[in-house]
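Peer 1: Below, each chain spelled out in residue letters.
Number of protein chains: 2
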Amino acid sequence: MLNVNDTIIAIATPPGEGAIGVIRLSGTDAITIVNKIFPGKNLAAQPTHTLHFGRIKDGDVTVDEVVVSLYKGPKSYTGEDVVEISCHGSVYVLKQVLQLCMRHGARMAKPGEFTLRAFLKGKMDLTQAEAVADLIASQSGSAHKAAIHNLRGGFSDDLKGMREQLVQFSALIELELDFSQEDVEFADRTKFYELIEKLTNAAQQLLHSFKLGNVIKNGVKVAIVGKPNAGKSTLLNALLNEERAIVSDIAGTTRDTIEETLNINGIIFRLIDTAGIREHTQDTIEQQGIERSREAMSKADVVIYLFDLVESHKSKVVSDSIKEEVAKFKERDIKYLLVGNKADVSSIDTPAGNSVENILLISAKNKENIHQLKDALYNLVAEGQVKQEGTIITSARHFGALQEVVRSLQDIKKGMDNNLPGDLISLDIRTSLYYLGEITGEITTEDKLDYIFSKFCIGK
Amino acid sequence: MLNVNDTIIAIATPPGEGAIGVIRLSGTDAITIVNKIFPGKNLAAQPTHTLHFGRIKDGDVTVDEVVVSLYKGPKSYTGEDVVEISCHGSVYVLKQVLQLCMRHGARMAKPGEFTLRAFLKGKMDLTQAEAVADLIASQSGSAHKAAIHNLRGGFSDDLKGMREQLVQFSALIELELDFSQEDVEFADRTKFYELIEKLTNAAQQLLHSFKLGNVIKNGVKVAIVGKPNAGKSTLLNALLNEERAIVSDIAGTTRDTIEETLNINGIIFRLIDTAGIREHTQDTIEQQGIERSREAMSKADVVIYLFDLVESHKSKVVSDSIKEEVAKFKERDIKYLLVGNKADVSSIDTPAGNSVENILLISAKNKENIHQLKDALYNLVAEGQVKQEGTIITSARHFGALQEVVRSLQDIKKGMDNNLPGDLISLDIRTSLYYLGEITGEITTEDKLDYIFSKFCIGK
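Residue numbers (the working numbering), protein chains in the order written: chain H, 117 to 576; chain F, 117 to 576.
Mixed in with the good hints, there may be bad ones.
[To be verified] Distance condition first, Cα-Cα at most 20 Å in a straight line; then the derived EDC-like pairs of lysine to aspartate or glutamate:
| no. | chain 1 | residue 1 | chain 2 | residue 2 |
| --- | --- | --- | --- | --- |
| 1 | H | Lys261 | F | Glu181 |
| 2 | F | Lys237 | F | Asp122 |
| 3 | H | Lys261 | F | Glu133 |
Honestly, the hints are just simulated from the structure, not real lab data.
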């Protein structure tokens with residue numbers, strides 16, 4: 117994967133028909149290759165950052181009329197020579213141009229290979245490269261905000277700050293080692309304690325942000341469960357209805373939208389399809405429905421337990437079963453919302469004979485209190501950490517590395533507590549620096565890069 | 117629709133996630149609008165055909181890091197100022213940038229509105245504009261070739277030639293009218309006959325090409341029909357198998373491919389799904405299957421009638437039914453191929469007691485003679501007109517107008533035969549010129565333009 121001597125090519129726009137389709141080439145031969153199929157102008161003689169209209173020719177045959185964008189390295193996305201061919205957006209035409217370039221020596225790019233080259237050429241560090249993939253995948257305001265923050269180097273700056281302070285101290289301690297015979301202390305231990313404390317706090321704050329970051333990046337899986345006729349499908353529709361309209365307000369953007377997705381205050385909630393449950397409970401025995409609910413619940417981050425207020429008041433059995441469910445949620449540490457439906461036909465707010473706290477009363481049918489339910493969902497997930505200022509960790513890889521950073525910082529502290537010699541403390545400092553460097557990619561392995569970039573889309 | 121004083125905007129790349137998504141603006145305010153959200157560089161002061169890296173900002177908030185392509189009119193696709201913003205390919209990001217531009221005064225473009233403006237600004241004529249839509253929709257080599265030919269003005273040139281010759285003659289005849297008292301003939305009637313003959317031939321040749329053109333543009337619907345167990349589904353799979361592999365040889369391009377499509381020598385054959393027929397005939401009475409076959413046949417351009425060679429030899433009833441079918445095809449003027457299956461277990465090449473001509477023997481199971489079947493399909497449709505040199509009419513609109521051209525040319529000829537006065541002949545010449553001009557758009561109405569461009573995709 118780390119071969120950067122050849123010229124890579126890919127279709128950079130989404131698949132399908134459109135007004136424009138873009139083919140991107142990067143590498144030492146990018147200009148030479150396009151020159152061979154774009155007669156009438158010598159691109160090598162043109163200045164960088166210019167646009168050129170003309171024809172793509174396969175011998176005598178015109179394949180397309182295109183605009184070529186010319187970026188000469190190092191002033192390009194990858195740092196290499198980059199040529200983009202803006203074709204008519206037909207899959208057929210794009211394939212023809214792609215194959216033509218490949219016949220002239222370009223190689224099909226692997227996922228993320230353009231961005232990998234940008235990283236290898238020092239155009240961006242690893243957190244910025246990863247932010248590119250996050251930005252493309254962003255479906256909500258908060259995911260977008262976090263990705264842009266990281267793309268612009270926000271996270272890298274945090275880490276660089278930490279790293280620099282550690283390096284400084286490390287230098288002083290290593291200086292002590294050179295003078296170890298003389299028992300001097302260049303590094304002020306009190307200040308060092310303060311620094312370790314400060315860095316640990318900073319790292320832990322970043323670690324803490326991952327809870328929200330993970331939610332921002334991957335969305336929240338929500339299962340709506342409850343007995344047949346509790347109104348689950350009506351609630352599903354009530355939750356989705358308005359949202360659908362927002363999603364489809366701009367023509368041509370909805371084709372790839374994921375179904376049954378709710379955006380609440382910029383966080384994506386994915387409603388696990390429990391429609392099957394509903395349909396089945398009508399056809400077959402209830403037991404089967406309950407089993408399916410359990411399955412849906414086990415996959416969910418949050419469960420909305422919906423019950424019929426009227427039924428729950430009439431029947432002690434129903435009411436008891438709600439209490440049992442709540443007990444199970446608590447026992448299994450499942451986040452849940454207890455929602456009483458059909459508030460339009462019932463003025464009762466507690467199930468018979470049981471006092472269950474925090475019931476949200478709604479009418480799915482009349483769309484009453486749906487907004488409150490959304491707020492409750494959001495608050496359950498965001499838990500007050502929503503002041504989305506500064507860096508939010510959205511990557512499990514970063515989370516793992518930061519855990520190692522905190523661990524080694526604690527080792528440093530322990531070492532100082534036990535008055536360990538400077539060379540041993542220095543080792544722990546290096547461990548900290550190693551993991552900080554691993555996040556930004558200053559320290560990395562080919563396997564790790566392979567893994568990170570394989571999750572990109574082709575053409576980026 | 118013909119308002120060209122405002123600035124239009126659209127997402128020009130296909131919907132979905134990709135490395136790049138492009139937003140296109142065209143109009144007098146295109147540069148002003150982008151300047152407001154792209155700080156750090158005054159685009160108005162930059163030369164045309166240049167690329168600019170920077171940030172799209174909504175106030176203080178960075179929306180994306182982008183590359184802006186600048187085209188100053190009239191050297192642009194539309195002839196107006198055009199700005200393209202190449203964003204990270206997230207639907208969310210594209211919508212943000214789109215809405216931001218709209219807040220600053222851009223209006224959402226209607227389908228084809230960019231190309232409409234190019235037409236209105238004289239950047240292309242109507243046949244070229246229509247070729248843009250054809251090119252984007254092209255899925256096969258021949259559709260692509262026809263679209264490129266027309267995009268480059270091939271068809272326009274043909275028409276221009278015809279028009280010029282008619283105009284010349286028309287001028288001479290109108291000159292005669294000025295000297296009508298003197299009974300002179302400036303226009304040589306013999307030469308005029310020759311010209312009308314020549315133009316009629318040319319127009320009729322174009323009309324004739326529409327048969328193939330229609331096939332090239334819209335593909336050929338093929339129904340595979342026959343009795344249960346004739347091997348229809350096996351044949352369907354045999355026909356599709358290889359093709360599927362070809363379609364999917366480049367990653368990322370197959371998502372939108374239409375299922376059950378065969379490309380034979382650059383022409384698209386769409387296999388009408390008769391799987392339903394097959395499944396049903398196994399479950400229910402045969403009569404129902406036959407009815408469904410009839411329905412599929414009525415929608416098809418070509419019918420493959422498949423029968424079991426072994427059965428047809430054993431049973432006079434089966435053999436007779438084949439003969440009946442063939443008779444019906446001939447009666448209804450349906451193009452058909454008679455295909456005997458299971459040639460692997462039968463050496464018999466004619467049904468019992470009946471001589472039916474032109475049976476193609478295959479073994480769907482062993483994929484024997486499938487290639488011959490494809491050739492037969494192709495020849496049935498192309499009928500020797502496949503020398504795809506010169507112009508091929510692919511548009512029903514052009515076909516209709518050319519019919520009117522031929523009709524008026526015949527009227528001219530009739531008028532001369534009957535020695536009609538020059539002013540009446542001149543009227544017919546004008547009718548010819550009118551319809552020729554309508555094809556290229558020299559003569560058109562707003563309604564007609566609306567109709568033509570509404571079939572485009574948004575962003576083109």
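Peer 1: Hint check: lysine 261 of chain H vs glutamate 133 of chain F, CA-CA at most 20 Å. Holds or violated?
Peer 2: holds (18 Å)
Peer 1: Take the C-alpha atoms of lysine 261 of chain H and glutamate 181 of chain F, compute the straight-line distance between them, and say whether it is at most 20 Å.
Peer 2: Holds, at roughly 13 Å.
Peer 1: Checking one constraint from the list: CA of lysine 237 of chain F to CA of aspartate 122 of chain F, max 20 Å. Satisfied?
Peer 2: Given that 20 Å is the threshold and the Cα spacing comes to 14 Å, the pair holds.
Violated hints are absent here; each numbered hint is respected by the structure.
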